[in-house]
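Residue numbers (this note's numbering), protein chains in the order written: chain A, 1 to 257; chain B, 1 to 380.
Bear in mind the hints are in silico, worked out from the structure with no lab data behind them.
One or more hints might be untrue.
To be verified - Distance windows between CB atoms, simulated:
| no. | chain 1 | residue 1 | chain 2 | residue 2 | range |
| --- | --- | --- | --- | --- | --- |
| 1 | A | Asp62 | B | Lys267 | 45 to 55 Å |
| 2 | B | Glu268 | A | Ile24 | 22 to 32 Å |
| 3 | B | Met1 | A | Glu14 | 32 to 42 Å |
Claimed, not checked - With the C-beta cut set under 7 Å, the calculated list includes, among others, these residues of chain A facing chain B:
| no. | residue |
| --- | --- |
| 4 | Arg70 |
| 5 | Thr71 |
| 6 | Tyr185 |
| 7 | Pro186 |
| 8 | Ser187 |
| 9 | Leu188 |
| 10 | Pro189 |
| 11 | Ile191 |
| 12 | Met192 |
Positions of the beta carbon are idealized from the N, C-alpha and C atoms, including for glycine.
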Amino acid sequence: MNIYVVMKRTFDTEEKIEINNGVIDEEGAEFIINPYDEYAIEEAIVLRDEHGGEVTVVTVGDEEAEKELRTALAMGADQGVLIDVEDLDEEPDHFTIAELLAAYFKDKEYDLILGGNVAVDDGAGQVAPRLAEKLGINQVTTITDIKINGTSATIERDDEGDVETVEAQLPLVATAQQGLNEPRYPSLPGIMKAKKKPLETIDLDDLDLDEEDVAAKTRTVDRYLPPEKEAGRMIEGGPETQVDELVGLLKNEAKVL
Amino acid sequence: MNFALTKEQQMIKDMVKDFAQQEIAPKAEEVDRNERFPEETFQKMGELGLLGLPFPESYGGSGADTVSYALAVEEVGRACGSTGLSYAAAVSLGASPLYYFGDEKQKELYLKPLVTGEALGAFGLTEPNAGSDAGGTKTKAEKKDGRIVINGEKCWITNAAYAKCVIVTAVDGKDDRGRNNISAFIVPTDTPGFTITSPYEKMGVRGSNTCELVLEDVEIPEDHVLGEPSGGFKQFLYTLDGGRISIAALAVGIAQAACEKALAYAKERKQFGRSISEFQAIQFKLSDMSMEIELARNMVMKAAWLKDQGKPFTLEASYAKLYASEMATRVCNEALQVHGGYGYMREYGIERMLRDTKLMEIGEGTSEIQRMVIARQLGC
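Isolated chain A, as found in the complex (with noise of 0.2 Å):
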C-alpha cells in the first residue's frame, strides 16, 4: 500500500505563545507535530506494518520543518517530503497549501492519504477534504477507525460524539479524530536511523507551479490572544437571595437577559 500523510508543523498550543503585532513570535514558541496529524503517522505506520508499503510523509513549509519530517521518520515513516515555500511573497492559506498539495499528488500512485482533522493553530480543517476534491478522490473525516480490506475500508467516524460506520473504496483521504490511537515516542535507535532515510525538499518550480497559481485567497487581518479570565464574583446569603441577586446581575450588570 502506498500511503501518504500530510503534516503541519505548528507551535505547541501547550506552551507560552506571544504574540507582536498580530505575529506569533516564534523565537519563543516550541514547534510540534500537529498532534492530529501524530495520529495520522501513527495510523499509516500500523496500517503499513499490517498491509505492507510504504509510509511517505509530506509537509508545506520551511526548511525547519524537517525536524518534525526527521521526528516522524523516527516514529517509522519510510520518507519526507518537504515543499518548501519560503520563497513565496504571501503568506500562504489553505488554499495555497492544497494546491501545493494537489500538484505534488497529480503524478503520484496513492491508496491512502491520512491527515489530521484539523491543526492546534488555526483550526481550520481545510486542507485535507480541498485536496481530496482537488484529486477527486473519497474523504471521510474526523475518523476513530479504519480497516483496510482489499480496495476498500471500513472506517468509523466521529459524528459529534456518535459514532458513524463508512464504508468506502479506496483511494482515499481520511483525517484522524482524537481517539484514534496512541501515537509512539520516536524510539532512540529510530531516532539514529531517521538521519539516513530519504528526505526530499521540492519547490514551485518542481511542481510546475507558478506563484499566482497558489496565491492565498484569504488574508489574516489580525491575531490576538483570547482576553484573561477575569476573576469570578461569588454571591452569598441563602439559595433565594443568590437567585434574586444573580437574575437582577444578569439583568442590570451583564444584560443578557
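Could you slot chain B onto chain A? The hints should help.
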C-alpha cells in the same frame, strides 16, 4: 565554536522530555513516598532504547553520543530525581564498564541484556570502609582450582536488586611496591554465596534501588575478570569520570525543575497586593538560580563534548560534577525558600527535590573528592 545541538540531539532531547513528563513526572511523588523502584518505567525506557543510548547498534544500542546522553539524563532528572539516578547508574556505572573493557563474549552475555532493558546494570565499588579511597578495598579475590573466589562486602550499590550481574572490584594481589592490585569482576547475581539486600532508609532518591552486597565464597569462572587483570583501578577511574558527567546532568535537571516551580509559584503567589515575583528580593533569587543552572549546563555539555571528541575530560567532568551538584542544592534550597511555608510541605514537591539533589554532592565522589581530583589535575 558551535553551541547548537544537532538535529538528532534535539530530537532525542524532545523525545525524552515528552516521555519523562508524561510517564515519569506523575510518579515522582509516589515512588519517593513509598520507596518504590518504578520497574515499569525502566521497561518502557528499555523499549525506547534509552538504556542503550550511548552504545553502538552492534550491541543493540542506539549509537548516540555523550551529549545526547547528558541531555537525556537531565530530562529524566527534571521529571524525577530517583528515576534519574537509577538511569544514570544503569548506563554510566553498570553498562559502560562492560562496553569499554569487556571482551566480545562478555559484551554478548552481559552488556546486551542491559542495553535492551532486560536487566539493569550495577557497579560494586564502595565498601563500608573504602570508596574513593580505593586502596582501602577489603573485598578479596583469590584463585582456587582454576576458579576465582570472592569474599567481602559492598554498600550503597545502586540497582543491584534488579541486576543480572554486578561488576565488583576486589583486591587480587600486590604490585612490586607492595600496594594492593585491584581488578574488576563480573559476578552473576544468582551465584551461590552472593546476597543482595536493600536495608537502607535514605533521605532522598528514595525511589531508586540501593543495595548492600555480601559475598561469601562466591565462585566465578576465570574468564569473568573484566578487562586487563589488575587494571581495575584505571578502569573504574575512567568509569567514574564518565559517571560524573551524568550526575552533573542529573543535578542540572533537578535544579531546572525546582527553578521552574519557584518561578511559577512566585508569579502566582500574591502578597501585599501583588505577585511576589514583582519583589526584587524574589527576582534576584530567581535570576541567580536560572543563571547558575545555565552555567552548570554549559559545563556539562563541554565535558560531554570532550568525551565525544576522544579528548581528556577528567578535569572538566569534575568541574561539572562539583559545580552542578553544589549549584543544585543551592537552587533547590532557594526554590523552597521562595515557596515559604508551602515549600516545606510535601505536596509542593520542592522538599523532595532538595532531599534528592543532596545526594549529587555525595555520590560518585563527594565534592571534597572532586576538589582533590581538580587539584591533582592542576599539578598539586
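| task | Could you tell me which of the hints above the structure violates, numbers in ascending order? | result | Number 1 only.
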